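Model the full assembly from the supplied sequences, consistent with the hints where possible.
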Amino acid sequence: PCLTWLCCAFAERTGKVLGEFCRCYREQFGVALFNSVRYEIEGTGGPQAQLLHRKVPLEDHVIYSGNIFQYIEESKKWRNRFCVVPHNYGLVLHENKLAYERELPPRVLVNSAGYKILTSVEQYLELVNNSLPGVTPKSGHSPILKCPTDFPLILWHPYARHYYFCVMTGKEQEKWRAVFQDCVRHCNNGISEDSRVEAPAFTDAIRMYRQSREQYGTWDMLCGSETQVSRPVRPDPAETRPGALGGWAQQAPQKPPASTDAVYRMVYELAKAQYEAAVAGCEQERQQLESTIRTDMDQIITSKEHLASKIRAFVLPKAEVCVRNHVQPYISSILEALMTPTSQGFAEVREVFFKEVTDMNMNVVNEGGLEKLVEYMEKLSHLAFHPVKMQSCYEKMEQLKLEGLQQRFDVSSTSVFKQRAQIHMRQQMDDAVYTFETLLHQELGKLQGKDDLCKSIQRILERVLKKFDYDSSTVRKKFFREALLQITIPFLLKKLAPTCKGELAKFQELIFEDFASFILVENTYEEVVLQSVMKEIMQ
Numbered sequence: 150p151c152l153t154w155l156c157c158a159f160a161e162r163t164g165k166v167l168g169e170f171c172r173c174y175r176e177q178f179g180v181a182l183f184n185s186v187r188y189e190i191e192g193t194g195g196p197q198a199q200l201l202h203r204k205v206p207l208e209d210h211v212i213y214s215g216n217i218f219q220y221i222e223e224s225k226k227w228r229n230r231f232c233v234v235p236h237n238y239g240l241v242l243h244e245n246k247l248a249y250e251r252e253l254p255p256r257v258l259v260n261s262a263g264y265k266i267l268t269s270v271e272q273y274l275e276l277v278n279n280s281l282p283g284v285t286p287k288s289g290h291s292p293i294l295k296c297p298t299d300f301p302l303i304l305w306h307p308y309a310r311h312y313y314f315c316v317m318t319g320k321e322q323e324k325w326r327a328v329f330q331d332c333v334r335h336c337n338n339g340i341s342e343d344s345r346v347e348a349p350a351f352t353d354a355i356r357m358y359r360q361s362r363e364q365y366g367t368w369d370m371l372c373g374s375e376t377q378v379s380r381p382v383r384p385d386p387a388e389t390r391p392g393a394l395g396g397w398a399q400q401a402p403q404k405p406p407a408s409t410d411a412v413y414r415m416v417y418e419l420a421k422a423q424y425e426a427a428v429a430g431c432e433q434e435r436q437q438l439e440s441t442i443r444t445d446m447d448q449i450i451t452s453k454e455h456l457a458s459k460i461r462a463f464v465l466p467k468a469e470v471c472v473r474n475h476v477q478p479y480i481s482s483i484l485e486a487l488m489t490p491t492s493q494g495f496a497e498v499r500e501v502f503f504k505e506v507t508d509m510n511m512n513v514v515n516e517g518g519l520e521k522l523v524e525y526m527e528k529l530s531h532l533a534f535h536p537v538k539m540q541s542c543y544e545k546m547e548q549l550k551l552e553g554l555q556q557r558f559d560v561s562s563t564s565v566f567k568q569r570a571q572i573h574m575r576q577q578m579d580d581a582v583y584t585f586e587t588l589l590h591q592e593l594g595k596l597q598g599k600d601d602l603c604k605s606i607q608r609i610l611e612r613v614l615k616k617f618d619y620d621s622s623t624v625r626k627k628f629f630r631e632a633l634l635q636i637t638i639p640f641l642l643k644k645l646a647p648t649c650k651g652e653l654a655k656f657q658e659l660i661f662e663d664f665a666s667f668i669l670v671e672n673t674y675e676e677v678v679l680q681s682v683m684k685e686i687m688q
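Just so you know, we're using the numbering used here here: the sequence shown kicks off at 150 and counts up by one.
Among the hints, erroneous ones may be present.
As the list claims (entries may be wrong) - The list that follows gives simulated cross-link-like pairs (lysine-lysine, DSSO-like), each with its CA atoms no further than 27 Å apart: (1) K599 with K650; (2) K165 with K655; (3) K599 with K616; (4) K459 with K504.
What the hints assert, rightly or not - Quick list of simulated restraints, FRET-style, between CB atoms: (5) E244 with T268: 24 to 34 Å; (6) R435 with N216: 48 to 58 Å; (7) H531 with R256: 18 to 28 Å; (8) L679 with S482: 12 to 22 Å; (9) R473 with R256: 53 to 63 Å; (10) I221 with A665: 36 to 46 Å; (11) S280 with E252: 17 to 27 Å; (12) N237 with L679: 27 to 37 Å.
These aren't lab readings, by the way, just hints derived from the structure by calculation.
Note that this is a predicted model, so its numbers are computed, not measured.
Here a beta-carbon is modelled for each residue, glycine too, at the ideal position from N, C-alpha and C.
Shown next, in the form of structure tokens:
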């Protein structure tokens with residue numbers, strides 16, 4: 150009964166989010182359609198990338214594989230497993246390497262979105278205890294598990310099943326930690342950026358739901374696919390207090406939270422069904438929506454501009470004062486904190502790429518020329534997806550600290566900025582590698598002997614590095630703007646809420662009923678708030 154009650158509470162709140170999603174979907178569909186028409190008329194704007202981008206991503210390759218010990222909760226024993234990380238960054242655990250080679254079904258499949266990688270049992274126990282506020286573990290209880298080596302690796306999640314691994318040496322532990330972190334980083338970025346309607350509509354819905362509960366700022370659990378993000382939209386902490394959960398809460402710190410995982414999986418299925426139904430319902434409306442928007446586009450735009458002008462007159466003076474007093478004095482400090490580790494990370498990407506190509510050039514010349522080139526180029530093509538070789542780049546971002554600024558702007562964690570920058574680094578590395586491959590392929594037919602090959606590789610490397618420098622500067626500037634907005638906009642919305650939010654309802658009457666599906670007062674209000682700080686950020 151306790152699990153059923155919890156699932157109903159989770160599902161009710163997920164339903165509210167998806168109700169917002171349907172409203173936001175219609176508006177975002179209108180925005181996407183308007184932008185596509187404007188693109189046809191005006192063309193592209195802004196700086197063009199110099200590096201080439203893979204149109205077809207690399208697939209059917211294994212990112213990493215190896216043996217690792219796993220703790221089996223059911224038997225309470227440790228077993229040697231063969232772990233494979235395919236191109237989709239899932240963790241796949243097989244009985245052994247032979248079972249993998251025979252293509253037998255795996256023992257475990259793990260989607261690592263939302264997980265944290267821990268390297269000690271003490272860290273794990275602290276997180277487990279802190280995840281149940283008000284519960285004090287009883288003294289004298291034995292720890293959850295005894296690790297047979299000094300090098301554990303634990304995958305911890307606030308809601309889902311936990312996974313326990315260990316290896317024999319510290320070097321292996323660092324290597325697997327880099328692999329697991331790469332999986333988490335990739336899976337956290339699960340909402341497709343290619344979607345011009347569903348993804349922004351969903352993130353808008355999550356933001357509106359949280360703000361309706363007076364929750365602002367970055368949210369660490371906004372990671373994974375839409376269904377995975379929906380699952381942790383949880384009841385109030387008071388509703389899940391230890392007393393409401395019965396005796397399980399008192400025992401949880403002494404044993405794996407199987408009950409939490411049961412809720413998580415049940416809510417996942419409910420959320421998945423609800424989300425798919427919501428998307429299907431919105432998709433059925435697309436044709437009618439497009440017809441209405443194309444017919445009334447000028448009137449919709451005029452209505453939106455009229456609404457924005459009224460909200461701007463009401464909100465902008467208050468917002469500008471707030472920006473001047475509470476945001477502008479700190480922008481340079483935030484930017485400085487972001488710039489140092491980010492710039493060091495991109496510089497390390499450049500250095501790793503330079504070293505790998507230079508080493509390949511020397512090896513090709515010393516070991517057989519063109520005959521060896523294919524083998525080395527195959528290895529180079531996967532450089533951006535090699536967790537261990539890219540780790541030195543990613544580690545630079547781990548130095549990011551916002552210190553006092555984090556409390557001032559209610560930033561719960563810097564992890565969202567670290568992971569975003571690391572994803573940019575991986576993409577820049579892959580773009581550099583792909584551009585190098587393409588340019589070298591164009592040269593191959595003209596080459597004669599090792600000397601020509603060596604000179605061509607060096608010349609192409611220099612060209613690609615110049616392109617990389619230009620693109621990385623553009624990408625970093627875009628990242629800094631996004632990060633500054635992500636830090637300051639929620640802060641401004643929270644500051645302005647007492648005087649502005651309650652007055653928004655009166656602006657609804659300015660929207661014609663026929664256009665109400667395509668114009669949301671809340672989003673227009675946030676656009677005005679964004680405009681108030683955008684000038685400072687762009688400078």
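Outcome of the hint check:
no. : hint                       : result
1   : K599 with K650             : 70 Å, violated
2   : K165 with K655             : 23 Å, holds
3   : K599 with K616             : 26 Å, holds
4   : K459 with K504             : 57 Å, violated
5   : E244 with T268: 24 to 34 Å : 26 Å, holds
6   : R435 with N216: 48 to 58 Å : 49 Å, holds
7   : H531 with R256: 18 to 28 Å : 26 Å, holds
8   : L679 with S482: 12 to 22 Å : 21 Å, holds
9   : R473 with R256: 53 to 63 Å : 59 Å, holds
10  : I221 with A665: 36 to 46 Å : 55 Å, violated
11  : S280 with E252: 17 to 27 Å : 38 Å, violated
12  : N237 with L679: 27 to 37 Å : 35 Å, holds
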